[in-house]
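Peer 1: Under the UniProt record's numbering, the sequence shown has 574 at position 574, and the numbering climbs by one with no breaks.
Each hint should be verified, as a subset may be incorrect.
[Claimed, not checked] DSS-like mimics (lysine-lysine), calculated; alpha carbons at most 25 angstroms apart, straight line:
1) Lys136 / Lys343
2) Lys484 / Lys121
3) Lys343 / Lys221
4) Lys312 / Lys136
5) Lys261 / Lys218
6) Lys312 / Lys535
7) Lys499 / Lys486
8) Lys548 / Lys136
9) Lys251 / Lys261
10) Lys282 / Lys301
11) Lys341 / Lys218
12) Lys23 / Lys535
13) Lys124 / Lys343
14) Lys301 / Lys249
15) Lys484 / Lys443
16) Lys301 / Lys251
17) Lys249 / Lys261
18) Lys274 / Lys249
19) Lys535 / Lys548
20) Lys218 / Lys23
21) Lys406 / Lys241
22) Lys136 / Lys23
23) Lys341 / Lys535
24) Lys124 / Lys499
25) Lys274 / Lys251
26) Lys148 / Lys136
27) Lys261 / Lys241
28) Lys535 / Lys443
29) Lys218 / Lys274
30) Lys251 / Lys241
31) Lys124 / Lys23
32) Lys274 / Lys221
33) Lys301 / Lys535
34) Lys548 / Lys341
35) Lys312 / Lys23
36) Lys443 / Lys406
The set of hints was computed from the structure by calculation and includes no laboratory data. Note that the structure is a prediction, hence the values are computed from the model and not measured.
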Amino acid sequence: MSETLERPVAERAAPVQSPARRKAEDWFAAFEAALAARDAAGAAALFATESYWRDLVSFTWNLKTVEGPDGVREMLEAQLPHIAASNFQLDEEPSEDGGVVTAWFSFETDQGRGRGLLRLKDGKAWTFLTTLHELKGFEEPMNERRPKGAEHGVHADRQTWAERREAEARNLGYSEQPYVLVIGGGQGGIALSARLRQLGVPTIVIDRHERPGDQWRKRYKSLCLHDPVWYDHLPYIDFPKNWPVFAPKDKIGDWLEMYAKVMELNYWGSTSAKSARYDEAKGEWTVVVDRNGEEVTLRPKQLVLATGMSGKPNWPSFPGMDRFRGEQQHSSDHPGPDAYKDKRVVVIGSNNSAHDICAALAEVGADVTMVQRSTTHIVRSESLMEYGLGDLYSERALANGVTTQKADLIFASLPYRIMHEFQIPVYQKIAEVDADFYRDLEKAGFRLDWGADGSGLFMKYLRRGSGYYIDVGASQMIIDGRIKLKAGQVDEITETGVKLDDGTELPADLIVYATGYGSMNGWAADLISQEVADKVGKVWGLGSDTPKDPGPWEGEQRNMWKPTQQEALWFHGGNLHQSRHYSLYLALQLKARMEGLETPIYGLQEVHHLK
């Protein structure tokens with residue numbers, strides 16, 4: 001028998017603790033002691049001069065980033081009387097690279113359980129992410145808590161699962177009212193509704209289309225996801241292992257329809273919201289909807305607009321549009337290329353939709369011209385996947401233990417204030433690798449940009465939601481001349497085409513306005529009132545003071561997934577990644593309110609820029 005096994009337990013040497021673990025544990029011990037003593041200044045002293053604490057609901061009941069020791073102290077002074085946080089535990093072995101210690105952890109508050117990610121520099125917090133994962137006493141019925149399904153024994157009034165489900169669908173909205181009404185049944189509304197159902201929150205999601213997924217099916221036929229499959233999973237059910245990397249629109253439509261059915265969502269198709277009014281005294285909304293020609297009045301306590309970033313078409317107002325003798329469409333209404341073979345088409349715009357539509361039209365033989373009114377950021381899909389997403393969302397990432405959930409938290413842990421610093425080297429590398437591609441594009445007359453500070457696609461998306469194209473083939477068609485290109489501003493629409501500010505007239509049988517979408521609070525103006533829309537202010541953007549994202553700095557997506565200045569009104573949307581990730585935090589906020597939990601909000605969204 002070895003000497004180690006023969007030696008009494010008390011005499012054995014303790015396992016060697018890594019320097020990274022020791023630094024992380026020392027920091028958490030000091031931090032938890034300061035919280036227990038309600039010593040906001042003491043806790044703040046553990047943060048570096050340049051530091052960022054991003055909290056998703058757990059401490060602030062908000063989505064909020066505070067900066068520096070002063071920001072930490074002010075937040076904790078406000079929240080420590082209401083929030084008791086403890087039991088900070090390391091979830092895996094911390095690592096250290098380049099003087100930065102990275103530590104995954106879990107923790108508890110008096111109302112919930114959370115997860116987070118800490119980065120230390122010189123013993124002090126540099127970035128600190130805290131997220132609420134579940135509410136105590138209201139855990140989702142998953143894993144060991146999953147429902148049995150079968151009811152063993154003898155029950156005289158037995159109802160099958162299907163009968164109970166049918167009764168719920170029949171009664172909700174009529175004899176029983178939903179706690180939450182979600183307006184918009186695309187991926188955002190569906191993901192949120194699935195979360196709410198698992199939390200036991202009575203919810204109806206409505207959409208003007210007949211079936212879930214029609215929002216995708218009815219778009220132009222070449223539409224597909226430009227983000228890879230690993231980035232796009234919905235909550236609870238991942239795409240299958242054989243799912244295409246870039247899903248075509250009809251597959252996405254069918255997936256959403258299947259998902260809504262198997263997740264047992266109360267989905268009202270062919271339903272349009274006509275009006276909504278909030279009664280502060282009753283604490284509820286009165287929402288009138290048209291359901292298949294039947295007027296139904298719903299009285300939810302909470303109203304979510306999940307109409308999406310690409311929801312409200314932005315129609316331009318060019319002189320002469322009323323006299324054009326051909327056909328005019330917004331890109332959201334473009335049916336596809338089949339009816340326009342051998343036709344002359346002018347597409348006004350140079351972002352994702354414009355490129356997709358031009359490419360499909362050119363493929364069938366249309367004479368298509370793209371009008372580029374402003375510079376556009378282009379990134380090849382292959383390069384984006386390799387250098388922009390590969391470390392977090394790919395088979396390579398999965399092989400390294402980076403699951404989608406872990407990737408979401410890593411991405412969320414990078415504060416928006418400094419995110420561009422991590423993005424700039426990515427796009428510098430892409431510019432180097434694809435130098436010939438960009439040279440050929442510029443030679444063809446295409447006007448490129450790399451974002452206001454060279455930070456590329458993601459920052460453009462977060463700041464303004466526009467101004468880029470992920471190239472899946474259209475750029476080469478521009479280089480080859482199959483898609484004609486004309487730079488300039490539209491002066492007027494004539495009877496026969498588009499006249500530009502340099503006097504050029506482009507003859508057209510069809511004009512497609514790929515001119516984007518308006519702010520989501522435009523939906524609030526249409527449905528509720530302009531007063532409420534102005535009370536909320538701008539939706540989306542960070543306040544970066546870059547084009548189409550005016551300051552002041554907010555540090556989070558304005559009015560998204562968090563409380564707004566209008567009580568009981570919420571906004572939910574974004575791409576599939578955001579719909580998946582942030583639906584959790586919105587669902588937990590709504591569940592907490594339904595259960596009457598205390599939800600003291602820190603840093604309620606201020607109102608800036610009404611559109």
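Peer 1: With reference to the structure, classify each hint as holding or not holding.
Peer 2: Results for each hint:
no.	hint	verdict
1	Lys136 / Lys343	violated, 62 angstroms
2	Lys484 / Lys121	violated, 52 angstroms
3	Lys343 / Lys221	holds, 18 angstroms
4	Lys312 / Lys136	violated, 38 angstroms
5	Lys261 / Lys218	holds, 20 angstroms
6	Lys312 / Lys535	holds, 19 angstroms
7	Lys499 / Lys486	holds, 11 angstroms
8	Lys548 / Lys136	violated, 41 angstroms
9	Lys251 / Lys261	holds, 15 angstroms
10	Lys282 / Lys301	holds, 9 angstroms
11	Lys341 / Lys218	holds, 20 angstroms
12	Lys23 / Lys535	violated, 46 angstroms
13	Lys124 / Lys343	violated, 64 angstroms
14	Lys301 / Lys249	violated, 34 angstroms
15	Lys484 / Lys443	holds, 13 angstroms
16	Lys301 / Lys251	violated, 34 angstroms
17	Lys249 / Lys261	holds, 19 angstroms
18	Lys274 / Lys249	violated, 28 angstroms
19	Lys535 / Lys548	holds, 20 angstroms
20	Lys218 / Lys23	violated, 55 angstroms
21	Lys406 / Lys241	holds, 19 angstroms
22	Lys136 / Lys23	violated, 30 angstroms
23	Lys341 / Lys535	violated, 48 angstroms
24	Lys124 / Lys499	violated, 60 angstroms
25	Lys274 / Lys251	violated, 31 angstroms
26	Lys148 / Lys136	holds, 21 angstroms
27	Lys261 / Lys241	holds, 21 angstroms
28	Lys535 / Lys443	violated, 47 angstroms
29	Lys218 / Lys274	holds, 22 angstroms
30	Lys251 / Lys241	holds, 14 angstroms
31	Lys124 / Lys23	holds, 9 angstroms
32	Lys274 / Lys221	violated, 30 angstroms
33	Lys301 / Lys535	holds, 19 angstroms
34	Lys548 / Lys341	violated, 36 angstroms
35	Lys312 / Lys23	violated, 50 angstroms
36	Lys443 / Lys406	violated, 42 angstroms
The structure fails hints 1, 2, 4, 8, 12, 13, 14, 16, 18, 20, 22, 23, 24, 25, 28, 32, 34, 35, 36 (numbered hints given earlier, in ascending order).
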